[in-house]
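Undergrad: Next come the chains, spelled out residue by residue.
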Amino acid sequence: MLICESYHVPKTLEEALRLWAEAPDGSRLVSGATDILPWAREGRAGDVEIPALIDVTKIPELKGYSCDKGRIRLGAATVYQDFLTDRTLMTNLPCMPYCAIWFADDQIREQATVVGNLVNASPVADGTPPVVALNGEIELTRLEDGAVRRRSVPVADFIEGPGRTLIQPGEIATAVTVDSAYGYGGSFQKVGQRRSLVISVACCAALVRADSTGTVFEDVRLALGGVGPRPIRLRDAERRLKGERITQELIQRVAESAADSVGSRSRKEYRRDVVVNFVRAGLEEALANQPEIGAKFKNFGETENA
Amino acid sequence: MPKIDLTMDVNGRKVVKQSEPHKRLLDFLREDLNLTGTKEGCGAGECGTCSVFVDGKLVKSCLMPAAKADGAKIETIEGLARPGSLTPVQQAFHKTGASQCGYCIPGMVMAATSALRENPDAGIEEIKERLGGNICRCTGYTKIFEAVEIARDVIAGRLPETALDEDATGESFIGANVRRLDAPSKVSGRLKYAADMKMVDMLQMQVLRAPMPHARIVSIDTSEAEAMEGVACVITSADVPGTDGFGVFVHDQPVMARGKVRHFGEAVAAVAAEDLITARRALAKIKVEYEELPGVYAPEDALVDGAPVIHDYAQDNVIKHIPIRKGDIAKGFAEADLILEDEFRTQQVEHAYLEPEAGIAYVDHDDVVTVLSPSQNITHHRHMLAEILALPINKVRFIMSPVGGGFGGKEDMIYQGMLALAAMKTHRPVQLNFTREESLVASAKRHPSRVRYKMGLKWSGEITAIEFDMLSDGGAYGMSSEGVMRKAAILSCGPYEVHNLKVDTKVVYTNNTPSGAFRTFGGMQAQFATESMMDMAAEALDMDPFELRRINMMRIGSRTHTQQELTTASLDRVLDAAEEASRWEAGAPKVRGPRRNDLGGPDTRKPCTLGARIGEPTDTQTKDERVAS
Amino acid sequence: MNRKMRGRGMASSWYGIARTATIDRAGAWAELDDGGTAKIVTGVTEIGEGILTVLAQVAAEELGVRPEDVTIGDNDTSRSPEAAHAGATRQTYMIGNSVALASRDARAKLFAEIADHWDVPVDSLRAFNGELWAQDTNLRMSMDEAVKTCKGRGVVPVGSASFTAHGTGLDPVDGSGSPWQAYVFGTQIAEVEVDTWTGEVQVLGIWAAHDVGRAINPRGVEGQIEGGVVQGLGQALMEDYQTEKGYTTTHGFAKYILPTSLDIPQINCVIVEDPDPLSPLQAKGIGEPALVPTAPAIMNAIYDAIGVRIKSLPATPEKILDALRNHVPGREQIAQSARQDRAEAHRRGL
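Chains as they are written, first to last, in the numbering used here: chain A, 1 to 306; chain B, 1 to 629; chain C, 1 to 350.
What the hints contain is simulated information worked out from the structure, not anything from laboratory work.
Please note that the accuracy of each hint is not assured.
[Stated by the list, open to error] 25 Å max Cα-Cα, derived PhoX-like pairs, lysine-lysine:
no., chain 1, residue 1, chain 2, residue 2
1, C, 4, C, 245
2, A, 268, C, 319
3, A, 268, C, 255
4, A, 268, C, 4
Note that the structure is predicted; figures quoted are calculated from it, not measured.
With the hints as extra help, turn the sequences into a complete structure.
TA: Now the structure itself:
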């Protein structure tokens, strides 16, 4: 069980940063708290006694989102359920609803935050690949000589490995900024032992924009999770697709090349098979989900598995 | 403990309480407010027994620090309807029989309520998705789905309110769909399970468990724990006054490890203290010195010469071997046109009842040691505990509290002895509530099994002989292993009359988590092998699987594998009923799925694709949905 | 092969009712109480299967009251008669029959007094749903009145009973014996869809036909079948408690995976009633038997869909893809078709 001496709910960012900078060793920041409570149990960390928990979800500037210059800044209090209820987020981040529907369950999605998921840096986090595909940058905030300072780090660099990130002592992750992918088709592939509330063995986020006739890939974004210590952006596959004619053969060829991106030692064969299939399914579903032209791809590639 | 002040609106009433900063919303509701309709099934957000509304959104209260809910509006199962009344969702659960053990039901009713609040017109796919965080182990969810759909339609006015009424009874109550009498207390969260009960002056118990699977206990030093403020007692096997051993067929398991530990997570000592945290902190102060022993982790290894011996009385590590012989298998196989041989394996399975083990013990005014717990076998537990405590049998009393799921997993007396000892030592009521993790490591599982199978058949489909050899992993203690092997052997070759058979089922000790009673008691492991073989035989014989079973099925007058003459037998009727109901297209099982014509009927569901609700979002923040580049 | 492949499989099963290879027994007390209500005391309570409702139905039927008028006492070794344990598919059979017999005993006491009071033969009396009457007469009273009348004559209508099921032990050498006096049979069909890109199996339909002797509460029987099927499905596809050299690696429900609402097939129950001739209620049981055929039916269906036979449970997505990857379509099929040719030849009498 998790035992803490004090629980702080700062009302401003400055107050949170000050509390965090001064917090005794072992103190923890919490937002959704959906990970820390299960962590402090038998089989994982066991009983944990810590000095302080600092809850950042009541800070006004960490709530909600804002849009600017084709980018969307998601405050650290943004929860996964928002991607299933907010029209702006759904249409501008078209891979996120599909990720969210696979993420835990409706109740945990009401609490679990995107930024918290990134900071936890689990190699099997469902939330990371779509953010990486959206060119996410995490915003890290600290106090320096009494002033609030911010820096941004691409999420792909921020996560170094399981549980390891570039966050520095005294820093709070206050937001993640992502591309608007308005007009793209999005998708999310995942497999685990069941379909709800389950850790993925592997997952894949895809964003696709075909031209207005639906014949050429104008832009493609692909990212994988669960296949190594950190999320992987399939840049090479993206390059091979961009500007090319959309054909089943091309998709299949590119998908097969993704197998080598699997770095995990465990269940490697399985993950290699699944990744290939996920890239293919991810592209096909993203095409089918693209507004306006998706209908053309509704049954694209449904039947044949080469 | 440090304190914090919390203010909430709980079920429409303002609550101002001083609590503790570590408490989860779940603890605050259950312990501070006595709102025990909200249950703790796993403590890790994985089961949904603790679902409550916080500011209108359903969340898992085991994942929410109470302090996070400060100032919030909370709605629990107790607050859905006025006392004495039920909401349409609750009434629908009552009508359809959607509650069985009832432990998941408060959370499930909350999830169903949330689903219909979020989308009053939700279709069945969306309803299923919205219930996806709540596990039910009893009902198979089917009656729950039915209830939510009825409630949805009544609320929307598509069905009259009478749709929630009980089905009419005809001229007899036998054969009538009488509504469950216990359902109103379950759907409203009023039923008290053992962990929901409190007694005045009650202590909390926590258990120190073995950190390794096989070790000699060199010494246990409890002095530092006993000296702690708030600790009432520490118990070990040294406190057992009588004959220390429980089990269903062989009493080989001490109340707490005696001299050595035989599996990871075995109870070694226990603390009873004024509160849970003190009890847990005291566990860390108990010093146990272990000398690790070589262990046995696979049943095959247990039978090897020179294998580590787990119980002195069983030098060969065999718990039980059940042989069944009938006819002459040499003759039977000689007559066979086709002989198939194969091997099948089943895994260790957890009962996963949503109610973790819990109980309270006290010594009453007549000096009767009383244990209240969700035990599936209070009769046998009383006998064993009287021996363990060296008390006359009428001085030991077992009360069976409502069982939040059992499936055989609550037939073993794995914690009631500790509770009794602590109650006797302190003369105060003592409560122990397992965590989910504790339940997983300490309770018995379904026996993992390996079956070697040899079946001889004639071209006509008649089975001429079966040789069936099962080896099961009994784990560290005997528990129900003997009975499980007996049932596996009796049922082994399935509902078929086989004139020549040789069946052996054997279960051995290992240092794995013990195996015990679990719904079917060996029957499923055995018949999984048999029914797989039957289909493989049907394929080889180019025969419809129903036909092959009819050729061999037991009938009135058949002799079973144990040579009992059957005076009734209904497999013929059951096969006909199943074949007809499923619109089965006859044919041999030769991978004909792609060509079948009986697939996808109205009596099947759609495959789950997830995202039933995607496509109809509401705008919550901005009107201008496109973010300009 | 298409991405999504479907198939069907079936499996049958049998099971024995109540304790195995031994004599089984259960006791109960019954009392017709003031107001035409009833008290039943027996040493077993609900573990979720619905036994309390079944017992109330049985007592109501036998005593002539309504199920909601029946109070069932707590299960307590110091306050109630022994009914042994809650398991072994024995509750309806053992406790149900015991309560039926105890209720008959109490009713006989009441009927004797009322027959004498009305001066009618005792076998002309009937009681149902809170009313008591003498057949072919205008004599009729409520059970409330009947209990008052009985008590006014100095008799409290109480009864007790013990029900026995006769099983015998097995011979230690050849295993012969009669382990149960009642057997049930079942058959299930599973329809599955296998995703050959991920290895995921979704069970879309189950048809479950089970003999229960007599369904006291059909909805309750369905509930037991549905629950058993889903536990069988869990074992077939996902559940797996694991240890590594004795250390548990599936610590909690994040690792020990159970079926959720998204994994549930449409379950079509077919209740078959082959009455038990050896017990007053003629009912048998359903708790455990419902689970037995599910896993093999699902494995047989997976084979039907993709030609891969899983012989080691559970059939996880990984195991399915592994099996597909290592599947050599040639070898097994050649052996298989040789066997089929011979079977065919045999049928044609060659």
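Undergrad: Quickly compare the C-alpha distance for residue 268(A) and residue 255(C) to 25 Å and report which way the hint goes.
TA: holds, 19 Å
Undergrad: Holds or violated: residue 268(A) and residue 319(C), Cα atoms, limit 25 Å.
TA: holds, 13 Å
Undergrad: With a cut-off of 25 Å on the C-alpha distance, tell me whether residue 268(A) and residue 4(C) pass.
TA: It holds: about 23 Å lies between the C-alpha atoms, which stays within 25 Å.
Undergrad: Residue 4(C) and residue 245(C) were given as a pair; does the straight-line alpha-carbon distance stay at or below 25 Å?
TA: Violated: residue 4(C) and residue 245(C) sit about 38 Å apart, past 25 Å.
Consistency note: the structure conflicts with earlier hint 1 alone.
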